[in-house]
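Protein chains in written order, with numbering that gives the first Met the number 0: chain G, 0 to 384; chain P, 0 to 263.
These aren't lab readings, by the way, just hints derived from the structure by calculation.
The C-beta atom is built at its ideal place from N, Cα and C for all residues, glycine as well.
Be a bit skeptical, because a hint or two may be false.
What the hints assert, rightly or not - Selected chain G positions facing chain P (Cβ under 7 Å, derived; list incomplete):
| hint | residue |
| --- | --- |
| 1 | Arg6 |
| 2 | Leu376 |
| 3 | Ala379 |
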Amino acid sequence: MSWVALRMLIGDRTKYLGIIFGIAFATLLMAQQISIFVGIISRTGSQVKDVRDADIWVMDANTRFVDEVPPLPESDLQRVRGVPGVAWAVKMYKGQVTCRLESGQYRSTVLFGLDDNSLVGAPQQMLEGNAEDLKLPDAVIVDKAGYEYMWKDEPIRLGRTFELNDHRAVLVGVCKVSPPFFSYPVLYTRYSQAEKFVPHDRNLMSYILAKPQPDVSAEEVCRRIEDLNRNETHRKLAALTQRQFFWKTLKYFLGSTGIPVNFGITITLGFIVGVAIAGQTFYLFTVENLKQFGALKAMGVHNTRILGMIVLQALVVGAVGFGIGAGLTAGFFETTSNITALAGLGMLPETMLGVGGAVLFIVLLASVVSARRVLFLEPAVVFRG
Amino acid sequence: MELLTDIDLEAEFEKEASALEPAIRCTAVTKEFGSGDTRVPVLHGIDLDLPPGELALLVGPSGCGKTTLISIIAGLLDATSGKVEVLGENLGGMRGANKVRFRGANIGFVFQQYNLLPALTAAENAAVPLLIAGWNRHKAIAKASEMLERVGLGPRMKALPSQLSGGQQQRVAIARALVHEPRLLVCDEPTAALDAHSGQTVLELIRDVAVQPGRAVIVVTHDSRIFHFGDRMITMSDGRIDDVKQVENLRDDETRGSYRGEFN
Chain G
0 MSWVALRMLI GDRTKYLGII FGIAFATLLM AQQISIFVGI ISRTGSQVKD VRDADIWVMD
60 ANTRFVDEVP PLPESDLQRV RGVPGVAWAV KMYKGQVTCR LESGQYRSTV LFGLDDNSLV
120 GAPQQMLEGN AEDLKLPDAV IVDKAGYEYM WKDEPIRLGR TFELNDHRAV LVGVCKVSPP
180 FFSYPVLYTR YSQAEKFVPH DRNLMSYILA KPQPDVSAEE VCRRIEDLNR NETHRKLAAL
240 TQRQFFWKTL KYFLGSTGIP VNFGITITLG FIVGVAIAGQ TFYLFTVENL KQFGALKAMG
300 VHNTRILGMI VLQALVVGAV GFGIGAGLTA GFFETTSNIT ALAGLGMLPE TMLGVGGAVL
360 FIVLLASVVS ARRVLFLEPA VVFRG
Chain P
0 MELLTDIDLE AEFEKEASAL EPAIRCTAVT KEFGSGDTRV PVLHGIDLDL PPGELALLVG
60 PSGCGKTTLI SIIAGLLDAT SGKVEVLGEN LGGMRGANKV RFRGANIGFV FQQYNLLPAL
120 TAAENAAVPL LIAGWNRHKA IAKASEMLER VGLGPRMKAL PSQLSGGQQQ RVAIARALVH
180 EPRLLVCDEP TAALDAHSGQ TVLELIRDVA VQPGRAVIVV THDSRIFHFG DRMITMSDGR
240 IDDVKQVENL RDDETRGSYR GEFN
């Protein structure tokens, strides 16, 4: 009877294609929006993830997310270096600074000032130039997306000069980094260079990056660093592992912005569209075949088998629709993979698993609503013409 | 499942007929719908015995309870009171799943509106009862094709219902109703949707192919043009059986004419 169920489904081509379209569209909408949402929200902590050589981030205890950084006094660096279990600790500056291009235009940028000697936090993937060239005078490295933003439609050319806080900066490299949340160019320079590029506050140091000794876990070292807070004469510090700081930043944006609500509405609408189209069309399909189902019941098909037929029909359209929708989503991200603004956005297996679960729910709901009419149908109705 | 030859089948049916057990026995059957103030009695104390090997016509005006009675006989509805024995089995004592299985194995249906599955070909539609019984698809279609040959639709086996005329669709329905060798065939207004010629053809088919010694056939109708096909006529009105006449009395025009006036 499975074969009969599938023939009944495919035989009504209009409704069959209608249900598949509904499921495919809902899948595309949900998968695409969830993927973009996950990609964009992940960008909030991308600059934390990009620092691969340090496991621990030490910051002012009032820091809420990576871009909001109360500066630390230099003495805190020595305090952290003195904590047992710390293999090394270096300073890092992170802030926003406006640059003036040769054309006279201004661009807001994110500037990282890296430890002069170790260059901890330097970009891992260079497209042009060498990270070591940061040790040259006035040297700056910019990310690829930032280069395109600053010098639109111009080919990459090292040696370009521009100004930061009336100080000359020389481009020595172009790198690839995880796209930041705010669409600003990301600049890297030495810490001592950043002291010139940045309008001066009393303190400049944003973060202390540290590495634990091999025999101590990063979490344990973080706890020991925070034990320094028992000395109430000093500023309170927070020490987080890279993963913890990434999630702290992410959670801030989830809780403090309208992004989840905005995307949530679109994703919910996609789900509702799926339920409405698939549910309504499937219900119509079942209602239009009510007499046939009644005849089958009269001829000896038990309710359990009828339910099995309807669920099979629902699962088939769900699988086909989901496959098409997933394919369209993959096609979208494949097609847009070269667009800088959409870099880093893509389908994750977890996303497709979640969307698959939603599609399964949609088709099962449609089948249950439709099946009710059939299961409670008295076979004797087929005698009534 | 072993396919029986025509000779084996005939012998089986003759054995059944010789037992003289009625195919259908209704004893004081009543049926009411609704409850309390909305209770509507539809059948009042129906007593009926129908032997196998006959074509019985159930006639009466609209709303007299014909469809309700055959629904109860076919196991599609439960009687409110009374006893219904079909092919020796007490339907009242059967649980739901057993009743469904009994129906699938022993009863064939021909509906007024054919109720063929539009996506299946004629052969596939005719094979449905065998598929329900668990037959292999190819064997079921092969057996159904043989049945379609018997009802004169051999060249149209691969046609969809939409490609068949009303009469042809009803013949597919008859093939479907008989493919699993049921011992009871229930036909509800099989000619109502057909023109006079097609209706005659369908009843001829039922008469020739369906009526066999071991099989009872009951046809609900108020088409007087087909009265002469019956072996027995059961007349109903207001939920009661008024009369049961044998075939000889239906052959003359006068008697047929009186019934025509009564039910049209």
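Original post:
Which numbered conditions among the earlier hints are violated in the structure presented, ordered from lowest to highest?
Top reply: Violated hint (a single one): 2; every other hint is consistent with the structure.
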